[in-house]
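Protein chains in written order, with this note's numbering: chain A, 1 to 207; chain B, 1 to 207.
Everything labelled a hint here was simulated from the structure, so no lab data went into it.
Keep in mind the model is a prediction, meaning the values are calculated, not measured.
Please note: incorrect hints may appear among the correct ones.
As the list makes no split between identical chains, a pair holds if one copy fits it or if it spans any two.
As the list claims (entries may be wrong) - Mimicking DSBU-like on lysine-lysine, the simulated pairs with C-alpha atoms at most 30 Å apart in a straight line are:
| id | residue 1 | residue 2 |
| --- | --- | --- |
| 1 | K173 | K82 |
| 2 | K84 | K49 |
| 3 | K194 | K136 |
| 4 | K136 | K173 |
| 5 | K202 | K93 |
| 6 | K84 | K145 |
| 7 | K97 | K173 |
| 8 | K51 | K207 |
| 9 | K82 | K136 |
There are 2 protein chains.
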Amino acid sequence: MDLNEKQIQILQVAEKLFAHHGFEGTSIREISREAGVNIAMVSYYFGSKEKLMEAIFHYRVNTAWFGVQEILGDTSRDAWEKMKILFGSFIEKINEKKYFHQIVVRQQLLGEAGPVGEMMDEVRCRNFGILEQLVKEGQQAGLFKPEVDVALMIVTMVGVSYQLMHLEHFYRKISHLENMTQEAYDTELRIRLKNHLETLFKSILFK
Amino acid sequence: MDLNEKQIQILQVAEKLFAHHGFEGTSIREISREAGVNIAMVSYYFGSKEKLMEAIFHYRVNTAWFGVQEILGDTSRDAWEKMKILFGSFIEKINEKKYFHQIVVRQQLLGEAGPVGEMMDEVRCRNFGILEQLVKEGQQAGLFKPEVDVALMIVTMVGVSYQLMHLEHFYRKISHLENMTQEAYDTELRIRLKNHLETLFKSILFK
DNA sequence: GTTTAAATTAAACGACCGTTTAATTTCGTT
DNA sequence: AACGAAATTAAACGGTCGTTTAATTTAAAC
Numbered sequence: 001m002d003l004n005e006k007q008i009q010i011l012q013v014a015e016k017l018f019a020h021h022g023f024e025g026t027s028i029r030e031i032s033r034e035a036g037v038n039i040a041m042v043s044y045y046f047g048s049k050e051k052l053m054e055a056i057f058h059y060r061v062n063t064a065w066f067g068v069q070e071i072l073g074d075t076s077r078d079a080w081e082k083m084k085i086l087f088g089s090f091i092e093k094i095n096e097k098k099y100f101h102q103i104v105v106r107q108q109l110l111g112e113a114g115p116v117g118e119m120m121d122e123v124r125c126r127n128f129g130i131l132e133q134l135v136k137e138g139q140q141a142g143l144f145k146p147e148v149d150v151a152l153m154i155v156t157m158v159g160v161s162y163q164l165m166h167l168e169h170f171y172r173k174i175s176h177l178e179n180m181t182q183e184a185y186d187t188e189l190r191i192r193l194k195n196h197l198e199t200l201f202k203s204i205l206f207k
Numbered sequence: 001m002d003l004n005e006k007q008i009q010i011l012q013v014a015e016k017l018f019a020h021h022g023f024e025g026t027s028i029r030e031i032s033r034e035a036g037v038n039i040a041m042v043s044y045y046f047g048s049k050e051k052l053m054e055a056i057f058h059y060r061v062n063t064a065w066f067g068v069q070e071i072l073g074d075t076s077r078d079a080w081e082k083m084k085i086l087f088g089s090f091i092e093k094i095n096e097k098k099y100f101h102q103i104v105v106r107q108q109l110l111g112e113a114g115p116v117g118e119m120m121d122e123v124r125c126r127n128f129g130i131l132e133q134l135v136k137e138g139q140q141a142g143l144f145k146p147e148v149d150v151a152l153m154i155v156t157m158v159g160v161s162y163q164l165m166h167l168e169h170f171y172r173k174i175s176h177l178e179n180m181t182q183e184a185y186d187t188e189l190r191i192r193l194k195n196h197l198e199t200l201f202k203s204i205l206f207k
């Protein structure tokens, strides 16, 4: 499914509004007004509001873990270095696509019902497989400890990153970063989050 | 504000539905039908849908950190033991009030706007103060390392716990806990989460 | 038993919702 | 210039929304 310029415009506006006000909290009229198109264009291009949401997920998910296999196959790095690259790229991804990941959290709260729920379940299983493989590699090399709860590891990575993203205002206030520009804050946070996750993952993976 | 039996009935039904389908995704008609009362009763008792949400927060928040001061003041335990008790009781709380904490996550996504946003900000600041105090106590005793990002610590505790709660289905599948009863699963998870947070917090607090 | 305030009800209100229709415009192809 | 498919539009559709109204029932106080 290739999208023209106007379709992408609608998609991105809808993504932002769904992230801020939720699916039910956003009206087609709002989306079309903000995107500068007629109300009927949404149905015309996407069929329905539900299908619009699905289109957002297809638009984002298909480019999600691009290039991961290359990292995993790299024999010049050990499992721990690969792991650091992996969660580093995860941090970049969610920082780059904040709106989408807010929608993901909302969809998580709805459970795994609907076609979007199935998509997310697939992605999660794929990510679990990747991380599991990497952990096994590290264990076989005698680098990581023998018993590691990979699911809890993902939950930790995703949970901490999401929560930090949601509580931006609070974290800025508490950490005296209120006067930073958004760009500078994002950069600073990526660094802090990366160091933090590295600390946490060390305690999970090593003896 | 003291609530009669019927008001509490409405509150609890609304809490469940808001958690599952969100604020905008839940109608007054649904709430009143499920609670077995007339539609007009919600406006009659609470004024409006918004005020109903506020009432839910007052209902839950007021009993939130009950008994914490006693733990902190206990001189027979060191800071690390108190810390373990503290996040242990946090785990109990969110497990006990799952629905409410799903609403909290939804409200987080809306930012800190509105009267509910202010309430949550207050609670967060209070919790931050409590944890900060405890960390300082541990540092002065030479137990914890001198530089600790308390905000990141809270984010870790809350983020991991929430994420694990949201991904119950996924975690059950991946960890082969699908056939457990809800009760047994909850118990097992509280144990795993407690151990996990202990591991993580050790890496944050100790050298 | 009468009074009075609280509780409860069915019905109606106007507003907004997602979607469809049918007419019109746009624009590349012939 | 004429055609036809795609794009765009204003208007209307039936339905649901949160809230209010006005009438009725309930139940406690006197």
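Hints, one by one, checked against the model:
1. K173 with K82: between (34 Å within a copy, 26 Å between copies)
2. K84 with K49: Answer is neither; intra-copy 39 Å and inter-copy 46 Å both fail.
3. K194 with K136: This pair counts as both: shortest intra-copy Cα distance 22 Å, inter-copy 25 Å.
4. K136 with K173: between (41 Å within a copy, 19 Å between copies)
5. K202 with K93: both (22 Å within a copy, 28 Å between copies)
6. K84 with K145: both (17 Å within a copy, 24 Å between copies)
7. K97 with K173: Answer is both: 23 Å inside a copy and 28 Å across each meet the 30 Å cutoff.
8. K51 with K207: neither (48 Å within a copy, 51 Å between copies)
9. K82 with K136: Only inside one copy: K82 and K136 sit 13 Å apart there, 36 Å across copies, limit 30 Å.
The structure shown violates the earlier hints numbered 2, 8.
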